[in-house]
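Going down the list, the sequences are from chains A and B.
Heads up, the first sequence is in this note's numbering, so the first residue is 643 and it goes up one at a time.
Heads up, the second sequence is in this note's numbering, so the first residue is -7 and it goes up one at a time.
Take the hints with a grain of salt, since some may be wrong.
Derived pair list, reagent style DSS-like, types lysine-lysine, alpha-carbon separation capped at 30 Å [stated by the list, open to error]:
no.: 1; chain 1: A; residue 1: K1120; chain 2: B; residue 2: K197
no.: 2; chain 1: B; residue 1: K63; chain 2: A; residue 2: K1120
no.: 3; chain 1: B; residue 1: K63; chain 2: A; residue 2: K1116
no.: 4; chain 1: A; residue 1: K1047; chain 2: A; residue 2: K1011
no.: 5; chain 1: A; residue 1: K1181; chain 2: B; residue 2: K43
no.: 6; chain 1: A; residue 1: K888; chain 2: B; residue 2: K244
no.: 7; chain 1: B; residue 1: K244; chain 2: A; residue 2: K1011
What follows is a list of derived Cβ distance ranges for each label pair [claimed, not checked]:
no.: 8; chain 1: A; residue 1: E1024; chain 2: B; residue 2: R9; range: 18 to 26 Å
no.: 9; chain 1: A; residue 1: N1045; chain 2: B; residue 2: I255; range: 41 to 49 Å
no.: 10; chain 1: B; residue 1: D195; chain 2: A; residue 2: L657; range: 29 to 37 Å
no.: 11; chain 1: B; residue 1: R248; chain 2: A; residue 2: E1249; range: 17 to 25 Å
Honestly, the hints are just simulated from the structure, not real lab data.
Because the structure is a prediction, the values reported are computed rather than measured.
Built from N, CA and C at the ideal position, the CB exists for glycine as well.
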Amino acid sequence: MLLNIRTIIFAAALLLFCWSCYRRFRFLMLGKGENRFNDAGKRIWGVIYYAFGQRCTVNHGYRFGWNHLVLFWSFIILLIANTEFLLEGLFPDYVSFSMLPVSIYVIIEIASVLALLAVCFAMVRRLAFPPSYMEARSRDAFIILGLIALLMVAFFGLHASEIANGSETASYMPVSKFVASTFFLQVQTASLGGYIKAFWWLHAIVLLVFLNYLPYSKHMHILTGIPNVFFKSLTKVNTQPREEFKKGNVFGVGQINLFTWKDLMDSYSCTECGRCSDMCPATNTGKSLNPRLVIHDIKVNLLKNGPVIQNKGAPVMPLIGAGGEGSVSHEVLWACTTCGACMEVCPVSIEHVPKIVDMRRNLVEMNAKVPDELLPFFESMEQRSNPWGIVPADRIKWAADINVKPFETGKTEYLFYVGCFGAFDARSRRVSLAISKILDAGGISWGTLGKDELCCGDSMRRLGNEFVFDRMTKDNIKTFKDKGVKKIITQCPHCYNTLKNDYRQYDMELEVVHHTELINKLIKSGKLTVNVNEADLGKVAFHDSCYLGRYNGIYNAPREVIASVTGHAPAEMERCLDKSFCCGAGGGRMWMEESEGTRINAARVEEALKKDPRTVCVCCPYCMTMFEDGLKSIKADDKVQVLDVAEIVSRGLK
Amino acid sequence: MLVIACVKQVPDTTQVRVDPVTGTLIREGVPFIINPYDTHALEEGLRLKEKYGFRVAVISMGPPNTEVTLKKAIALGADEAVLLSDRAFGGADTLATSQVLSEAIRKLGQKEEVAIVVCGRQTIDGDTAQVGPGIATRLGYSQLTLVDRIESVDLKAKKIWVRRRLEGRHEIVEATLPAMIAVVKEINSLRYPTVPMRLMAEDSKATLWDNKIMGLNENTIGLKGSATQVRKIFSPQRASGEIIGDGIKDPKGASRLLIERLIEKRALCI
């Protein structure tokens, strides 16, 4: 009779679990299609490296990630024991616990102890030293940690009482043996049977509750995390999917089922660890954007609207709206600098930025709802292909005093794509001049498009104005094809990324080099001789551009240039390389007011000043502007200068 | 009930240069834009549509390529576009332009009652601010210029109240419909076209009315119907300025010199 009840409870609990998972899984199918099944080998390797290797969990200075690594591996091992336990519960006559080879118990015992310790550590940490970037004391977290701890207690209780009873051999169970000798020595043999039963049922109930709680909690990542890593983008997430501008199409994402299934799966996989919030320049300066909450809102929205949409109904909760749980507000969407730090640190490879840009697209393209200051910007870009609406003929003014050759088909090797900042902005014009001096000194065959150069469209794309970006791109590609341009040097990392990665979607493969890469190559090959006056530079601190570093993996070129011309590696800020902190200007933020919270550039400048530099070295015109403004705002611009890598090099040219 | 917005396609004057030798405009490569004031007239028309349920027609007189401008108006939400284009309309001054436009408005009014004609206060190429008032006079409409806010419209009583922006003061004016209002830029902030509307507008066509359709007396339109003629265009010579001090190396010194010079020239006093 008891066995029957046991089987019924186990079967019911497991069926409930499967049904919950199935319901959640069906909601994913509401999303748009996207092929994430290609290149299985690479994907499997990704799972081994990122999931089983816990690459992102322990990386980036999150030392507590080691605790997760221990818990993760304990779980994997205990999965064997618990699967066995579930089978035994379901088919008591056919499967028994003793089916496993005895030696495996040593491993299971160690895993259980480690899991118990890890869970205790996690609880203590959440209670005593809660990190600011996550909701450390959430009920959800303590329920799960408590269940795991209880599961381990039941495990040891069960085996210890069995050892005391003599029904289990103690030779492979050192911990249980210890528990048995400590707690069960005084217990009468007759009552041991009751203990065994009680611990067995405790173990069973906790395990079944845990299983059924999973799909309804943030710990669903236990189920979706590894698949999510399998389906991760195989390349860096440095571009946006194209849109097809056909009548009747819907543009951007304004409703949950317009996301792809992978976007929705991302939301299931978030474990709310808060690493993204910890890195986010907007969250760090008091903006309403918190990448973790964006993903959480998408999940809440999906769970709320999923059943309605399945029945062909209209969503009951807006995806983009006034905010509140389940809706993402306009302010949140416009606050993103698209710096990509959130995606870099996410342990389960969630892609935050494309979702934010997709929702921006909905605001711009379907609803024309944009912050007021963007309207003149959009007009200027569309009418005059530059951010300020300056007369296109003025594009050549930066080179008024030097002799710049036009790019000639078949004769010129490199097109120097000056970019809007390089051509119009007074400060960046000096960088353009420095680059041209270096190119001449290095014997490079180069030319420009003069007044025919158009804006690359980066900000338009990141701001969600894909329609105008699409036109600008096609115009640019036509120019490149007409002129036979194949190799391009850019001053701006944003031009670099757009020409290289965005234009590839238009079947335009260009060999794009950033000026820092080219300068590095020229120095290494001995084509440039540079004698820099060190007194003039003082201590140099280097700031990574997000679009060069995180977006394109170029971290070394600018550092090597600085090291080779100054003789010292540059001073590194606390947050550098792939953990670098954005200047605040990416993603179209350059063209918007920053009225919420404190200023991102001020935060970054303060961080730089901790290194006490005389020179802050940048390699992007946006960073240049943000740093100079930030230094001025705290009246430090007379003590610290901001220079582009190219300017440092050109000063040392004979 | 119809609101008609009058728009003009103009060369982007900030990009126009005058050939110093011939004294003519160098128009090559200069893009055409909607006269900026007219974009606010159209926007006000669209706001009236949203508030009172008018239909919005947009009309323009100009060369055939003006259709681009009219399509943009459709993308923004205009219901109908009429292009008045004929060689005979060419070379018109404000007198002849307002003749063609007012006749076109009259013609549109035959199908549907016209309540309000909205114009920009002036164009950036001619800068006369005469065409709007010209239309009002010819049609006998109430004439409301320099409007920076439409207070309200009462369609039953056929009344409109607007605020006019005058120097140092505002005045609120009541007028009878139909009325012509010429708006200043401050009246509204512009909207941005949605992509579905843009795609729809790309396939749309403006109704073309040439003089065969309009049937106007050739002596009242175009160059012949113009009371004024352009004799010469030239850019006035300006005495070149001077650079005071070295603003890059010594900004404080340069500012001091500048202030001294301004005091000397009595542009500043202490």
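Hint numbers not upheld by this structure, sorted from lowest to highest: 4, 5, 6, 7, 10 and 11
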